[in-house]
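*Asks:* From first to last, the protein sequence lines stand for chains R and D. Position one of the first sequence corresponds to residue 16 (the working numbering), numbered consecutively onward. Position one of the second sequence corresponds to residue 14 (the working numbering), numbered consecutively onward.
What the hints contain is simulated information worked out from the structure, not anything from laboratory work. You can trust all of the hints, since none of them are fake.
If you want the footprint, here are the derived chain R segments under chain D, 3+ residues with CB under 8 Å:
1. 20-29
2. 41-48
3. 79-86
4. 101-108
Keep in mind it's a predicted model, so treat the numbers as computed, not measured. We put the beta carbon where it would ideally sit given N, CA and C, even for glycine.
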Amino acid sequence: MKARRKTVLFAVILIAVSFVYLMFLGMEEGSMYYLEVSEFFSKLDELGQTKVRINGEIVPGTLNYDSNTMKLEFSLKDIKDSHELKVIYRGNPPNLLEEEGVTLVAEGSYNKETGIFEAKKLLVKCPSKYEKKEEDA
Amino acid sequence: MTDFGKYSLLFSLILSLVVNIALMIGIRKRDGRFIEMSYRGTTGVFVFLTFATAVLVYSFITDNFRIEYVASYSEKSLPLFYKITGLWAGQKGSLLFWAWLLSLFTFITVKRDEKNLNSTFLPYVLLFLNLTTIFFLVLVNFVTPPFEVLARLPADGNGLNPMLQNPGMVFHPPTLYLGYVGFTVPFAFAMAALVMGDLGDWWIRKTRAWTLFSWVFLTLGIVFGGWWAYKELGWGGVWAWDPVENSSFMPWLTATAFLHSVIIQEKRGMLRIWNLSLILLTFSLSIFGTFITRSGIISSVHAFGQSPVGFVFLGFLLLTLAAGIWLIRTRYEKLKEKNPRIEAFLSRESSFLYNNIILVGICFATFWGTIFPLISEAIKGVKISVGPPFFNTINAPLFLLLLILMAAGPVLAWRRTSLKGIYRNFLIPFVFMAVSLSFLYAAGVVEFMPLAFYSFSVFVVVSIAREFYLGTRAGVKNRGKGWLSSFSALVTRNRRRYGGFVVHIGMVCIFIGLAGYGYYQYKEDFVLNKGQEVIVKNYRLKYAELTSFEKWNYEGVGALIEVYRSGKFKGTIRPEKRFYKKQDPTSEVAIMSGIYEDLYLILGGWNTDGSITLTVVINPLISWIWYGTGVVILGILWAVMPVRRRDEAVDVLEKDMALLLKGIER
Numbered sequence: 016m017k018a019r020r021k022t023v024l025f026a027v028i029l030i031a032v033s034f035v036y037l038m039f040l041g042m043e044e045g046s047m048y049y050l051e052v053s054e055f056f057s058k059l060d061e062l063g064q065t066k067v068r069i070n071g072e073i074v075p076g077t078l079n080y081d082s083n084t085m086k087l088e089f090s091l092k093d094i095k096d097s098h099e100l101k102v103i104y105r106g107n108p109p110n111l112l113e114e115e116g117v118t119l120v121a122e123g124s125y126n127k128e129t130g131i132f133e134a135k136k137l138l139v140k141c142p143s144k145y146e147k148k149e150e151d152a
Numbered sequence: 014m015t016d017f018g019k020y021s022l023l024f025s026l027i028l029s030l031v032v033n034i035a036l037m038i039g040i041r042k043r044d045g046r047f048i049e050m051s052y053r054g055t056t057g058v059f060v061f062l063t064f065a066t067a068v069l070v071y072s073f074i075t076d077n078f079r080i081e082y083v084a085s086y087s088e089k090s091l092p093l094f095y096k097i098t099g100l101w102a103g104q105k106g107s108l109l110f111w112a113w114l115l116s117l118f119t120f121i122t123v124k125r126d127e128k129n130l131n132s133t134f135l136p137y138v139l140l141f142l143n144l145t146t147i148f149f150l151v152l153v154n155f156v157t158p159p160f161e162v163l164a165r166l167p168a169d170g171n172g173l174n175p176m177l178q179n180p181g182m183v184f185h186p187p188t189l190y191l192g193y194v195g196f197t198v199p200f201a202f203a204m205a206a207l208v209m210g211d212l213g214d215w216w217i218r219k220t221r222a223w224t225l226f227s228w229v230f231l232t233l234g235i236v237f238g239g240w241w242a243y244k245e246l247g248w249g250g251v252w253a254w255d256p257v258e259n260s261s262f263m264p265w266l267t268a269t270a271f272l273h274s275v276i277i278q279e280k281r282g283m284l285r286i287w288n289l290s291l292i293l294l295t296f297s298l299s300i301f302g303t304f305i306t307r308s309g310i311i312s313s314v315h316a317f318g319q320s321p322v323g324f325v326f327l328g329f330l331l332l333t334l335a336a337g338i339w340l341i342r343t344r345y346e347k348l349k350e351k352n353p354r355i356e357a358f359l360s361r362e363s364s365f366l367y368n369n370i371i372l373v374g375i376c377f378a379t380f381w382g383t384i385f386p387l388i389s390e391a392i393k394g395v396k397i398s399v400g401p402p403f404f405n406t407i408n409a410p411l412f413l414l415l416l417i418l419m420a421a422g423p424v425l426a427w428r429r430t431s432l433k434g435i436y437r438n439f440l441i442p443f444v445f446m447a448v449s450l451s452f453l454y455a456a457g458v459v460e461f462m463p464l465a466f467y468s469f470s471v472f473v474v475v476s477i478a479r480e481f482y483l484g485t486r487a488g489v490k491n492r493g494k495g496w497l498s499s500f501s502a503l504v505t506r507n508r509r510r511y512g513g514f515v516v517h518i519g520m521v522c523i524f525i526g527l528a529g530y531g532y533y534q535y536k537e538d539f540v541l542n543k544g545q546e547v548i549v550k551n552y553r554l555k556y557a558e559l560t561s562f563e564k565w566n567y568e569g570v571g572a573l574i575e576v577y578r579s580g581k582f583k584g585t586i587r588p589e590k591r592f593y594k595k596q597d598p599t600s601e602v603a604i605m606s607g608i609y610e611d612l613y614l615i616l617g618g619w620n621t622d623g624s625i626t627l628t629v630v631i632n633p634l635i636s637w638i639w640y641g642t643g644v645v646i647l648g649i650l651w652a653v654m655p656v657r658r659r660d661e662a663v664d665v666l667e668k669d670m671a672l673l674l675k676g677i678e679r
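Using the sequences and the accompanying hints, generate a full structural model.
*Replies:* The following block contains the structure:
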């Protein structure tokens with residue numbers, strides 16, 4: 016009986032250990048700096064080529080999409096003003112991007128030579144899932 | 014009219030406070046009159062809240078834009094259906110709806126047992142339900158008052174966000190709330206059991222139906238959310254591990270664990286502390302979810318309006334957790350298990366135990382990933398966010414383990430399983446699994462994870478089918494009846510067991526769908542001129558023309574795409590962009606859904622020369638998620654249907670089981 020209970024314990028420990036291992040593996044693969052535009056600029060040197068997520072607001076008037084080359088260009092800034100970061104993205108622009116002044120998260124890396132952030136993924140924040148925007152109030 | 018709503022809310026709050034005082038006096042002095050008074054009071058709270066809710070719905074129907082909430086979420090030309098559902102379109106209405114549901118459930122709980130003289134537990138249960146009600150009533154009275162009026166009457170309302178004008182989104186919040194609120198009842202029973210120090214399984218039996226009911230609504234709520242995201246958000250997926258999504262998923266995980274582990278307590282009297290902790294955790298996580306979504310503390314792509322409500326929820330959460338943990342600690346001596354411990358590495362109990370560990374593990378990983386930005390900011394001063402790869406890396410193998418347990422669970426015996434028994438029960442499903450595995454491999458499914466998911470799915474389905482078969486055969490042998498009547502006798506006599514199997518089959522379908530879409534989604538962008546064709550996998554798509562049209566609240570532009578699959582014309586579909594009169598424009602995807610795969614088209618934009626950009630997504634097996642959910646619901650419905658002459662049925666069943674086991678042993 017004792018030995019059997021030990022096997023149960025062993026199974027539980029095995030699950031726990033593989034769980035911890037998976038957590039580490041997942042953190043390696045999935046974690047990224049999540050920065051505001053100004054934070055990004057202040058960390059530019061130490062970041063290098065690492066992939067990061069940048070949260071910012073599209074600067075009105077900078078959004079440009081060339082549907083022939085599927086190149087999307089825009090600049091991001093903090094809600095509170097900051098330097099502007101130029102971003103390019105290849106592919107269909109996500110839904111809701113039509114609106115200017117929208118906030119989004121761009122995932123990708125910074126190209127030092129061109130000074131442009133090359134985004135691989137764009138996540139647009141639903142502007143008003145449940146709550147209306149301030150100016151409607 | 015609005016004053017009626019406002020005052021009946023205030024009155025509900027006063028009444029619920031009276032209920033609480035009456036309860037406390039009644040419990041302390043053991044005076045039945047006070048207890049009875051509190052029971053009546055709950056009816057009053059329910060009536061007044063119903064009235065307030067009705068007033069708000071009526072205001073929506075009659076376009077009473079003086080109410081700020083109505084003006085924000087409705088407009089004159091909105092279809093009636095969406096006007097009614099405006100009740101939960103925003104935060105203020107949602108919380109009122111939540112409070113109303115809670116008062117309804119409290120009312121039902123009281124009505125079910127108030128005449129029962131043995132129900133000494135009811136005052137305690139009511140105490141916890143009522144405290145929760147008070148919390149929500151304070152919210153709707155003082156923090157998020159739904160009946161606030163505007164100083165100036167607007168000509169028309171703002172209208173409802175077009176993305177919310179979709180059946181998936183209409184049913185997503187209320188089903189989720191039904192789930193959340195439903196778990197308040199078993200939570201209250203658990204806390205009552207703790208306070209009374211009566212820690213048998215009575216509270217589990219009493220709340221079995223509530224638990225299943227709440228679980229199915231929570232499941233539905235999550236699936237509706239995914240379905241809505243798939244149809245409306247236009248990125249081709251159903252789940253993105255966003256904090257807001259995670260916050261509905263976490264209570265589901267602990268609830269699922271609870272659903273399983275209570276069976277162990279019922280059958281073997283084990284895991285008492287664990288069950289109490291799980292229900293406490295489930296309730297706390299649903300509150301935590303509300304805190305995350307409403308406080309905006311963790312950045313999410315779903316930006317809810319940020320308001321102090323989130324932190325009020327945090328306070329409530331901490332209070333609940335503190336009270337729950339304190340209660341468990343002080344009753345620890347009584348809770349310690351006198352009953353047998355789990356004996357064997359392979360047994361029904363241990364498989365339930367592993368199931369629980371894995372579910373809680375998934376929950377913990379999800380929790381960790383969700384709050385990690387906060388942790389890293391607190392410790393390292395910089396936000397590190399954790400994306401979908403984290404969740405997939407860790408949760409996919411854990412889900413696979415769950416699937417394997419689903420396969421193993423029913424064929425393992427209670428207490429201990431002999432190797433011989435394992436061999437006999439596993440052989441047939443194993444052969445099926447091996448055959449399907451080689452077929453899948455030959456068909457090009459060569460990656461480990463999908464291969465494992467699909468072959469174990471086969472294992473689960475076959476072993477469940479075998480259970481049905483063996484049970485029926487035992488009936489035929491022992492009572493000499495026909496196969497059909499034996500089958501129906503089998504499944505009606507032990508509804509929970511066979512309903513549970515059906516739920517498992519539904520979950521397998523959901524896994525199949527998730528694995529298909531998760532591992533084999535295909536996505537490509539195109540620029541197409543008018544009349545141009547493009548080949549994607551086995552589809553040929555022809556861009557016929559660009560059309561524009563006008564509807565009651567928007568103007569749309571759509572691209573007509575002719576779809577040919579394997580050379581055959583399958584129809585024309587039209588991905589659109591919609592320009593709303595009052596809201597931001599959106600893309601409306603076009604989906605051609607099938608049992609094997611969905612073709613999913615997104616119109617990116619168009620140029621003056623008539624060319625368009627089109628994103629083509631192919632999602633294999635994704636519709637299995639929706640079918641599977643249907644099967645899950647059927648299984649749960651089967652399980653909760655009341656059993657007539659239960660005791661006799663159980664006796665007969667136990668005899669059958671004994672005979673069946675004998676038959677297997679031989």
